[in-house]
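Protein chains: 6
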Amino acid sequence: MTDARADGRSPEQLRPVTIERGWSAQAEGSALISFGNTKVLCTASFTNGVPRWLTGKGKGWVTAEYAMLPRSTNERMDRESVKGRVGGRTHEISRLVGRSLRAIIDTKALGENTIVIDCDVLQADGGTRTAAITGAYVALADAVAWGREKGFIGKNAKALIDTVSAVSVGIIDGEPMLDLAYTEDVRAETDMNVVVTGRGLFVEVQGTAEGAPFDRRELDALLELALAGNAELARIQTEALAG
Amino acid sequence: MTDARADGRSPEQLRPVTIERGWSAQAEGSALISFGNTKVLCTASFTNGVPRWLTGKGKGWVTAEYAMLPRSTNERMDRESVKGRVGGRTHEISRLVGRSLRAIIDTKALGENTIVIDCDVLQADGGTRTAAITGAYVALADAVAWGREKGFIGKNAKALIDTVSAVSVGIIDGEPMLDLAYTEDVRAETDMNVVVTGRGLFVEVQGTAEGAPFDRRELDALLELALAGNAELARIQTEALAG
Amino acid sequence: MTDARADGRSPEQLRPVTIERGWSAQAEGSALISFGNTKVLCTASFTNGVPRWLTGKGKGWVTAEYAMLPRSTNERMDRESVKGRVGGRTHEISRLVGRSLRAIIDTKALGENTIVIDCDVLQADGGTRTAAITGAYVALADAVAWGREKGFIGKNAKALIDTVSAVSVGIIDGEPMLDLAYTEDVRAETDMNVVVTGRGLFVEVQGTAEGAPFDRRELDALLELALAGNAELARIQTEALAG
Amino acid sequence: MTDARADGRSPEQLRPVTIERGWSAQAEGSALISFGNTKVLCTASFTNGVPRWLTGKGKGWVTAEYAMLPRSTNERMDRESVKGRVGGRTHEISRLVGRSLRAIIDTKALGENTIVIDCDVLQADGGTRTAAITGAYVALADAVAWGREKGFIGKNAKALIDTVSAVSVGIIDGEPMLDLAYTEDVRAETDMNVVVTGRGLFVEVQGTAEGAPFDRRELDALLELALAGNAELARIQTEALAG
Amino acid sequence: MTDARADGRSPEQLRPVTIERGWSAQAEGSALISFGNTKVLCTASFTNGVPRWLTGKGKGWVTAEYAMLPRSTNERMDRESVKGRVGGRTHEISRLVGRSLRAIIDTKALGENTIVIDCDVLQADGGTRTAAITGAYVALADAVAWGREKGFIGKNAKALIDTVSAVSVGIIDGEPMLDLAYTEDVRAETDMNVVVTGRGLFVEVQGTAEGAPFDRRELDALLELALAGNAELARIQTEALAG
Amino acid sequence: MTDARADGRSPEQLRPVTIERGWSAQAEGSALISFGNTKVLCTASFTNGVPRWLTGKGKGWVTAEYAMLPRSTNERMDRESVKGRVGGRTHEISRLVGRSLRAIIDTKALGENTIVIDCDVLQADGGTRTAAITGAYVALADAVAWGREKGFIGKNAKALIDTVSAVSVGIIDGEPMLDLAYTEDVRAETDMNVVVTGRGLFVEVQGTAEGAPFDRRELDALLELALAGNAELARIQTEALAG
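Protein chains in written order, with the UniProt record's numbering: chain A, 1 to 243; chain B, 1 to 243; chain C, 1 to 243; chain D, 1 to 243; chain E, 1 to 243; chain F, 1 to 243.
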């Protein structure tokens with residue numbers, strides 16, 4: 001049995017999660033979400049109409065972009081705008097956030113509207129992609145509500161068919177743990193990000209052996225932890241949206 | 001005589017200015033500054049050492065980068081990282097912020113250290129560059145203090161030789177006004193950004209006739225307003241740093 | 001129970017897999033691998049020495065780049081060199097291939113040597129990333145042998161600690177299937193790529209709900225199929241390397 | 001009182017200014033302008049029609065691009081085309097030239113026509129941006145005349161509402177001076193570029209403390225010098241256009 | 001008189017040339033061509049319709065892109081997609097291949113159709129551009145046949161007005177030689193690529209003095225060799241297309 | 001027999017060629033060359049030292065860059081710096097100019113010095129690349145003289161082993177013609193650029209069938225014209241350098 005974690009959490013415990021809904025005065029939906037010291041500003045931009053390649057199909061579009069501020073991390077990183085290219089990791093996470101949100105959107109019910117979610121990491125301490133997905137859902141839900149209020153989405157159209165959240169899990173010194181902070185993430189032998197709907201179904205499972213490959217039993221343990229963590233996140237989202 | 005401004009201010013009145021010093025847990029200096037609804041996160045990254053072209057000259061280096069989050073504005077803008085190039089306006093403001101800070105730095109006293117200031121606009125409602133400069137000074141001052149504490153800067157080295165702040169002024173319907181909000185900026189015939197030190201000396205004066213060219217008398221009135229506004233900002237900076 | 005697949009395979013059957021080892025006259029290791037109509041040319045380039053950031057640590061480096069020829073697909077795609085940027089999907093797969101290979105490399109045993117694996121898709125019919133990983137292992141193994149023969153790697157240094165291969169699995173019309181061809185991939189509700197070592201341990205598990213989210217039971221069925229498929233691929237790799 | 005300047009000028013004296021109007025056989029308007037050794041080729045390209053975002057508004061568009069030949073300077077600079085990006089300074093000056101010209105254009109009178117001004121510095125010895133603006137006006141005036149002659153601009157439409165020119169001023173060893181040559185520019189404590197119309201109104205005032213910040217009295221002295229210098233430039237422009 | 005060449009060929013002898021027509025299962029025309037160890041995969045992509053700038057003129061368009069796999073050469077080269085720009089040599093050869101093919105196409109007979117030829121060098125041992133042109137012709141011919149069969153090209157329209165091939169010649173140790181392999185190319189004083197139609201007319205002659213400039217008599221000798229080599233290549237192309 | 005050419009020249013006549021040697025006050029060598037209305041500014045930048053890859057080999061380096069001003073042509077072209085990439089044609093010509101100059105340089109005699117030639121087309125009317133090469137030689141010769149005077153090149157080192165010039169030839173309406181102007185170039189069935197040394201040896205021969213392919217007899221006629229034209233250009237260069 002290992003000792004408590006650096007911040008005193010038990011292995012199956014989330015960091016403190018807070019959601020400041022409506023942080024932005026301008027976006028149609030927004031949330032400043034914290035998973036411990038990780039802080040991500042999620043904004044949803046609603047536009048009536050769809051990209052040209054979707055026009056006339058009676059369907060909407062949801063997409064996402066993820067980025068980190070240069071000094072969100074411990075050492076300053078160069079800006080991707082200055083480097084002139086978006087890095088592989090950024091691309092990868094943007095695509096993940098977009099897919100996760102589209103999994104719980106009924107694009108027909110959304111109608112020919114576009115919602116772009118921006119997830120900008122203001123401070124990073126591990127789990128930025130999972131915080132981004134979890135906060136993005138709140139911003140998305142508010143943007144959908146805004147679109148319905150403005151009459152762009154039908155009154156009874158159920159554009160959101162479920163909720164969605166994400167959490168990381170990993171194996172450290174042989175023990176499965178929930179919601180890794182940065183220093184834990186660095187030490188983890190295996191690292192997995194799991195995106196789950198409010199009903200408890202998997203949207204994405206991305207597990208990587210950073211150190212030693214993992215066996216089937218370890219995989220099962222991680223999946224259990226992730227399902228429980230996401231259930232808790234779904235509760236917090238619901239609370240924030242009820243506020 | 002014109003009516004009061006949209007937000008009820010008098011022509012020579014700043015918007016409410018707040019400075020959350022030390023907002024970032026990771027940067028060596030930081031400030032989240034608001035000029036009304038304009039919010040800019042300023043972080044200062046301190047590195048011992050200088051770029052290669054300065055090595056061995058016994059001098060430090062201060063530079064700045066400015067950027068806007070895609071949905072900091074009323075309509076979402078494309079990310080410059082995605083476009084693959086930094087736009088002209090972004091470049092221009094980054095250079096302005098850098099020059100303004102270097103004007104009050106004694107690079108010899110700073111020693112062979114580099115401070116990079118990042119000014120990221122989280123929400124934009126006019127005056128983002130002036131808020132950036134004003135907040136950047138606070139982050140810079142804390143980074144200098146950090147460097148002194150760590151022994152990278154000499155104990156008695158006076159690296160900061162003055163304070164610096166900036167404010168916009170403009171002429172709307174013929175009347176000079178201080179600290180324009182976005183809707184005012186759009187209507188202004190003339191728009192000027194004025195960077196001033198705590199001692200009341202000019203660092204930058206950038207006036208542009210957006211509509212009709214302006215005469216010498218109007219220019220004088222704008223300069224007076226700007227000096228007064230900057231004096232008030234210098235007081236707020238000092239208060240924040242004393243806190 | 002569903003009907004047979006378009007190409008007559010049973011759900012748990014791989015497509016015909018062939019490996020032309022040593023296809024390239026110039027690379028230190030190479031393999032032209034086919035999974036049915038998917039053909040990937042994998043070459044390994046061995047360099048004595050490591051990138052600057054690794055120098056002097058007594059460790060080697062393995063990395064990979066994946067790309068598709070413009071007309072490897074049914075409709076011609078624009079070249080990424082002409083577009084001036086590497087796309088998100090390309091980045092993502094390059095990173096996946098690299099991580100998969102590093103999982104079975106002992107970088108200390110490799111010594112200060114670098115191996116770059118290029119996986120170029122000559123023809124694409126689904127499963128290009130899994131074929132790439134499977135072929136890359138063969139090229140890598142030959143490059144390691146080359147390095148040992150030339151004296152760059154110690155005679156008894158066990159640089160390769162296991163074998164590695166990958167296969168896709170998915171759920172189509174509710175039924176789990178192994179090694180999806182392109183037309184199957186398009187129809188799959190869930191798509192998963194699973195990278196496994198010769199000992200049957202997981203290196204990567206990447207499952208995505210393209211249509212409906214999936215439950216725990218479905219996930220288990222897919223993992224079983226993938227383990228069996230990878231065991232078969234490991235056998236084919238061993239045969240090719242023995243040839 | 002300081003000594004004469006390196007080239008023997010008095011502090012309030014321009015360098016010799018020459019304008020070769022119609023230098024280019026192909027452009028609709030052109031001028032090769034010299035401020036001493038600074039030589040800028042300005043060409044105006046007239047197109048009937050406007051960019052898409054302006055179509056149907058009954059207004060024209062004037063824009064400018066500034067660039068330097070790689071060996072216009074004392075040491076060869078890399079080409080921006082080869083570097084793959086336009087630098088901040090280039091962007092900034094292009095925008096300044098464009099704004100300066102638009103200040104004296106009545107876009108309604110211009111009608112739905114576009115004029116692009118290119119200012120290419122063939123030889124640089126300080127004041128390239130001010131020479132560019134001053135020469136650009138001449139090229140612009142000829143392009144407008146060309147458009148009127150061809151019937152694209154109405155016969156009585158007064159598209160040009162004033163003339164415009166620019167000059168630099170600066171403080172060297174405490175003394176305000178007009179039209180700085182490169183070696184003077186380098187020594188200046190304060191450097192200001194002032195764009196003025198033929199009627200003596202300000203279009204742009206851009207003052208920067210390169211060394212010590214400047215006070216109100218110094219600013220006033222610089223503005224006086226600049227107004228006088230621009231009056232002289234307006235006279236030279238008029239002469240060139242009368243030729 | 002010099003000795004035989006490294007591979008035993010006489011000066012006027014081609015390397016073994018093979019053409020695997022229809023190598024790609026997906027392209028409308030394709031050929032894997034070898035000139036000795038040089039291997040180039042040529043694919044032709046047929047699209048009904050033309051680029052916007054050609055629309056409505058009743059003419060078709062043929063263009064080509066050339067590229068090398070990173071490890072087609074003896075030492076691995078960086079990918080141009082990763083560098084973010086297509087190099088000068090690549091551009092130059094792409095343009096050469098395109099021009100060579102257009103010389104034997106009657107664009108009116110082709111009708112409003114576009115054929116893009118991709119020539120990807122899988123293995124390089126000198127003469128990649130000449131192999132590319134020679135193989136591209138075969139892919140092009142099959143794509144034209146495909147277009148005719150599908151009814152996009154008129155039944156009696158003679159879109160191909162001749163055949164085309166290319167070969168390199170050079171002077172080594174004073175002796176003119178045909179079809180240089182890489183090690184010969186490096187030693188050649190003069191290097192020439194000659195593109196010739198089946199009727200023996202010149203399409204391109206590109207001769208470069210790598211070492212000493214060459215005189216008229218040498219030029220004549222090279223042209224003779226090239227004409228003979230191309231006649232042989234035309235025979236091989238015809239055979240491949242008859243197969 | 002055809003009529004005289006548009007400008008009254010006979011088929012074997014050059015346009016008026018003028019060379020303003022030493023046009024630039026800053027470059028170590030320079031020439032503003034005109035071939036009729038084609039005007040190219042050639043500057044040579046001399047640097048003591050060589051690029052890293054050449055260091056310590058006792059050899060120098062000569063390279064060239066060619067570019068066109070945006071309004072050097074009849075219709076304005078976009079700047080390559082703004083497009084963010086150098087086009088294929090620009091690359092191709094830059095490489096051609098560099099190779100042509102290196103053919104007459106003895107890099108050992110040049111010593112470890114670098115000369116960069118910039119050829120910027122100020123006005124284009126056909127033959128810009130041939131004018132560039134011809135003018136570049138003059139700038140190069142002066143830069144070599146400068147380097148010798150400064151002591152960077154040995155007193156008796158014969159760095160220039162010959163002169164070099166270039167001219168275009170083409171077939172119009174079946175008749176071979178020398179030095180094509182733009183309107184002739186457009187009509188030419190065959191277009192050839194021929195670079196020749198002062199001794200009458202070929203450095204580059206680049207012939208392209210723009211319309212119908214050409215036969216051996218036509219090729220011979222073009223080569224004769226080009227040799228004669230280059231002999232005349234060599235005379236003009238010598239005169240300019242004697243001036």
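If you're looking for bench data, these hints aren't it; they were derived computationally from the structure.
Don't take each hint at face value.
Covered, in the sense of this in silico footprint (three residues per stretch, anywhere, with C-beta under 8 Å from a C-beta of chain D), are these stretches of chain B [stated by the list, open to error]:
#1 34-40
#2 122-133
#3 175-182
When the alpha-carbon atoms are kept at most 16 Å apart in a straight line, the in silico EDC-like pairs for lysine to aspartate or glutamate are as follows [stated by the list, open to error]:
#4 Lys-83(E) / Asp-7(C)
#5 Lys-83(F) / Glu-80(D)
#6 Lys-83(D) / Glu-80(F)
#7 Lys-59(B) / Glu-92(B)
#8 Lys-57(C) / Asp-106(C)
#9 Lys-83(B) / Glu-80(A)
#10 Lys-57(F) / Glu-12(F)
#11 Lys-83(A) / Glu-80(B)
#12 Lys-57(A) / Glu-112(A)
#13 Lys-155(A) / Glu-112(A)
#14 Lys-158(B) / Glu-112(B)
#15 Lys-155(F) / Glu-224(F)
#16 Lys-57(A) / Asp-106(A)
#17 Lys-83(C) / Glu-20(E)
Each residue gets a CB set at the ideal place from its N, CA and C atoms; glycine is no exception.
Restraint status (C-alpha distance of Lys-83(E) to Asp-7(C) at most 16 Å): Roughly 40 Å separates the two Cα atoms, so the pair is violated.
Given hint Glu-20(E) paired with Lys-83(C) - CA-CA distance at most 16 Å: 30 Å, violated
Pair hint Lys-158(B) and Glu-112(B), alpha-carbon separation not exceeding 16 Å: 14 Å, holds
Given pair status - Glu-112(A), Lys-155(A), alpha carbons within 16 Å: Holds. Lys-155(A) to Glu-112(A) sits at ~15 Å (cutoff 16 Å).
Pairwise hint evaluation, Asp-106(A) against Lys-57(A), where the allowed Cα distance is 16 Å at most: Judged against 16 Å, a Cα distance of about 13 Å means the pair holds.
Proposed proximity, Glu-80(A) with Lys-83(B) (alpha carbon, max 16 Å): 10 Å, holds
Agreement of Lys-83(D) and Glu-80(F) with the hint, judged by alpha carbon distance not exceeding 16 Å: 10 Å, holds
Coverage assertion for the region 175-182 of chain B with respect to chain D, Cβ distance below 8 Å, three residues required: Violated - the region 175-182 of chain B has 0 residues with a Cβ nearer than 8 Å to chain D, which falls short of three.
Proposed proximity, Glu-80(D) with Lys-83(F) (alpha carbon, max 16 Å): 10 Å, holds
Restraint status (C-alpha distance of Lys-155(F) to Glu-224(F) at most 16 Å): 38 Å, violated
Lys-83(A) paired with Glu-80(B) [C-alpha distance capped at 16 Å]: 10 Å, holds
Outcome, coverage of the region 122-133 of chain B by chain D - at least 3 residues whose beta-carbon is closer than 8 Å to one in that chain: n = 0 at 8 Å, threshold three: violated.
The earlier numbered hints that this structure contradicts are 1, 2, 3, 4, 7, 10, 15, 17.
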